[in-house]
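K.L.:
Listed below are the residues making up each chain.
Number of protein chains: 2
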Amino acid sequence: MNAEVLSSPRLTDADALIADMGARARAAAKQLAVASTAAKAAALKSAAGQLRAQAAAILDANALDMEAGHEGGLTAAMLDRLRLDEDRLSAIADAVDAVAKLADPVGQEIDHAVRPNGMALSRIRVPLGVVGIIYESRPNVTADAAALGLMSGNAVILRGGSEAVRSNRAIHAAFAAGLVTSGLPADAVQLVPTQDRAAVGALLRAQGLIDIIIPRGGKGLVARVQDEARVPVLAHLDGINHLYIDGAADPDKAVGLAVNAKMRRTGVCGATETILIDRAYAAPLAIIDALIAAGCEVRGDTDIAALSPHVTPASTNDWDCEYLDAIVSIALVDSLTGALAHIDAHSSRHTDAIVTEDKAAAERFLAEVDSAIVMHNASTQFADGGEFGLGAEIGIATGRLHARGPVALEGLTTYKWLVRGAGQVRP
Amino acid sequence: MNAEVLSSPRLTDADALIADMGARARAAAKQLAVASTAAKAAALKSAAGQLRAQAAAILDANALDMEAGHEGGLTAAMLDRLRLDEDRLSAIADAVDAVAKLADPVGQEIDHAVRPNGMALSRIRVPLGVVGIIYESRPNVTADAAALGLMSGNAVILRGGSEAVRSNRAIHAAFAAGLVTSGLPADAVQLVPTQDRAAVGALLRAQGLIDIIIPRGGKGLVARVQDEARVPVLAHLDGINHLYIDGAADPDKAVGLAVNAKMRRTGVCGATETILIDRAYAAPLAIIDALIAAGCEVRGDTDIAALSPHVTPASTNDWDCEYLDAIVSIALVDSLTGALAHIDAHSSRHTDAIVTEDKAAAERFLAEVDSAIVMHNASTQFADGGEFGLGAEIGIATGRLHARGPVALEGLTTYKWLVRGAGQVRP
Chain A
540 MNAEVLSSPR LTDADALIAD MGARARAAAK QLAVASTAAK AAALKSAAGQ
590 LRAQAAAILD ANALDMEAGH EGGLTAAMLD RLRLDEDRLS AIADAVDAVA
640 KLADPVGQEI DHAVRPNGMA LSRIRVPLGV VGIIYESRPN VTADAAALGL
690 MSGNAVILRG GSEAVRSNRA IHAAFAAGLV TSGLPADAVQ LVPTQDRAAV
740 GALLRAQGLI DIIIPRGGKG LVARVQDEAR VPVLAHLDGI NHLYIDGAAD
790 PDKAVGLAVN AKMRRTGVCG ATETILIDRA YAAPLAIIDA LIAAGCEVRG
840 DTDIAALSPH VTPASTNDWD CEYLDAIVSI ALVDSLTGAL AHIDAHSSRH
890 TDAIVTEDKA AAERFLAEVD SAIVMHNAST QFADGGEFGL GAEIGIATGR
940 LHARGPVALE GLTTYKWLVR GAGQVRP
Chain B
540 MNAEVLSSPR LTDADALIAD MGARARAAAK QLAVASTAAK AAALKSAAGQ
590 LRAQAAAILD ANALDMEAGH EGGLTAAMLD RLRLDEDRLS AIADAVDAVA
640 KLADPVGQEI DHAVRPNGMA LSRIRVPLGV VGIIYESRPN VTADAAALGL
690 MSGNAVILRG GSEAVRSNRA IHAAFAAGLV TSGLPADAVQ LVPTQDRAAV
740 GALLRAQGLI DIIIPRGGKG LVARVQDEAR VPVLAHLDGI NHLYIDGAAD
790 PDKAVGLAVN AKMRRTGVCG ATETILIDRA YAAPLAIIDA LIAAGCEVRG
840 DTDIAALSPH VTPASTNDWD CEYLDAIVSI ALVDSLTGAL AHIDAHSSRH
890 TDAIVTEDKA AAERFLAEVD SAIVMHNAST QFADGGEFGL GAEIGIATGR
940 LHARGPVALE GLTTYKWLVR GAGQVRP
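So the sequences go chain by chain: A and B.
Quick note: the first sequence uses this note's numbering, first residue 540, plus one each step.
Quick note: the second sequence uses this note's numbering, first residue 540, plus one each step.
I should point out that these hints are in silico values taken from the structure, not numbers from a laboratory.
You may find that some hints are simply not true.
As the list claims (entries may be wrong) - Below are the BS3-like pairs computed for lysine-lysine, each with C-alpha atoms no more than 30 Å apart in a straight line: (1) A:Lys758 to B:Lys569; (2) B:Lys898 to A:Lys569; (3) A:Lys584 to A:Lys569; (4) A:Lys569 to B:Lys758; (5) A:Lys640 to A:Lys569; (6) A:Lys898 to B:Lys569; (7) A:Lys584 to A:Lys640.
Unchecked claim - Short, incomplete list of chain B residues facing chain A, as computed with Cβ under 7 Å: (8) Met658; (9) Val770; (10) Gly786; (11) Arg803; (12) Ala906; (13) Asn916; (14) Ala917; (15) Gly928; (16) Thr953; (17) Tyr954; (18) Arg965.
By construction, the Cβ of each residue, glycine as well, lies at the ideal position given by its N, Cα and C atoms.
With the rest of the complex left out, here is chain A (with noise of 0.2 Å):
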């Protein structure tokens, strides 16, 4: 072996594949860029129909990774995500047929100027052009980033779970045919055919050739995705959210607040994972007797665990900690500035929420508190595209660049500018 060949990564067959599909979809992503919206949404109508029309292939496709997924030993938690039926197959189709109706980012102009010499300038969104989804289990997912990413004049590049595979190839089967129906390329969503795991590498290595990969999936995905990728990667990898209760807080609120956000589902990124109580609230065993009451497993500093004897004394690791289960970790706090310091040393930037009827100490909060989405007075298992109003999302992002917060159509766009003139010179 020389030097060379040391040096210089060797082309895969993995590789030669993502180069195959890239140049592809790239193609793709031209007809889509400049494709109407009312062609795009009658698509989208067109493969939610074909996803109906097919429903029993699909659903005979998702037995069989069921059945694999059993004998595989799969989780309960697993075999839930990767099941389909009739309702929830109808579901991804209806999702399919709202995108459709959402608005179409591309062409929306973002500002335009004329310059003192008259040309106009004209700021307008296009496509990123080609997006690379990666993801686990959740078959749903399929569909659902093929119609986002359609919707927003993308082309996309699916990688699924090896779990998923029957169950990704039908709804993909189903979701093209569709689109060709309605003249759209096929080119357009295209699924990874292999489960060899080079292929995400490849993936993730296919700067120019893919613009963006957005990972679905658990954390030790995300992990590896933003660790590995040269592509840029929209994600969060931890929604290690905080719930803050100042001590001008309203008791009700508090309580109510505390419960939903922990509680109202606790495997989801917006689950609240820490609660942090000013020292001059006047009723912190109510939140933790409510949590408790709830189901949930309390972890308290020393102040928190002396409050209570069904509270268990906290670790270290307990605040910087992810728990997606019935446990929560709870703080007393010395007023607002206590609550910012330990939100800045350990949230995961993606959600966090005061609780307060003080409008100052909410403004400073909101003002201070450096994650994607802050709140004042609301659950932070509203961190969501469709609770905010976005129709749908591919995702949330925790990073600083492109887009932040839940992810929908717009930031599967980028911009150009466009100058028109008469002839102007520069000087």
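Starting from the structure of chain A, add chain B where the hints point.
P.N.:
For chain B alone, kept in the frame of chain A given last:
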């Protein structure tokens, strides 16, 4: 050496230096993020004042750099970029004053909505955080980048070229003195204190410490940064810009735009490098002759070479070449469709322009050319933040994510979502 040593990168002195600078920048960024527009503008005015007050020291430092540059054999062009005099230094101070007058993007509301449950959503611009600038030769970048970073609420880490080290230190010292006088932290603008190239590597790997890297300089620098960076990069590598003369172009505009787009300044990234002429255009020779008369070397395809004995035959490489010189490549194309195909194959997606009186052709060109800036009847030399009315620019980006085209204050911000509720819980 065991496998562990091989697989984990060693922490170098440069990494430790950048980690320390990054931590101090982050602390400063927190103060800047909540600094008022008035406070930032006052700090910039104070910095501009110090640049004027310390002019003698800065010019002395620059004289030493120039002396070393002469001895080190810098080219005349490099020496010109390096050279400061009273006028140039005065212009640098004026530019800092001008940034202080720009609209502050921080806190601007991008959009807002009230959800059916009464929650009020607002998306507002916030600073990116910590911006790294890696640049060459021109000492004015030290002040320009510091000013734009500061006005957009970001802490800045500057790493200038070795040839300008004394000038950069003197400008940085004056700028920092201005900040401190006005009560903003000196760590808001830091200059990497070593010229060790390992410090550049450490900056490029500083994920989590630095939010974005902006390289300013030649292609070698930009290519290295894009290749090695693990931190996101805003940049353009090439400006392979096209001017397409449509069959329906006005001949006077065509000649005027061709000469200006190519020859006004040949070394800028907005200079046209290739002119495409529609086979149906009546007067291609007048364009060729005007360019030659302006001192431009013309390299043409077979059809163009046949028109004039002064045209050199172009080689394949010419269509992918950023000359940055008084050289142009010219090809005949088959109508707009041929021009679009050539541009798609060879453009660096920086700036491309059409010259035509045919509105439909112009609109098709504006829609289908996938470049950061697309122009109709205007010179590509206008590709510049100042010319676009942005007040100043930190650079021009040809990537698709975050910001595209001329990047100024807005491109140095991200956003966060503010949610104001009245105790809403999610059902």
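K.L.:
Going through the earlier hints one by one, which of them does the structure break, listed in rising order?
P.N.:
9, 10
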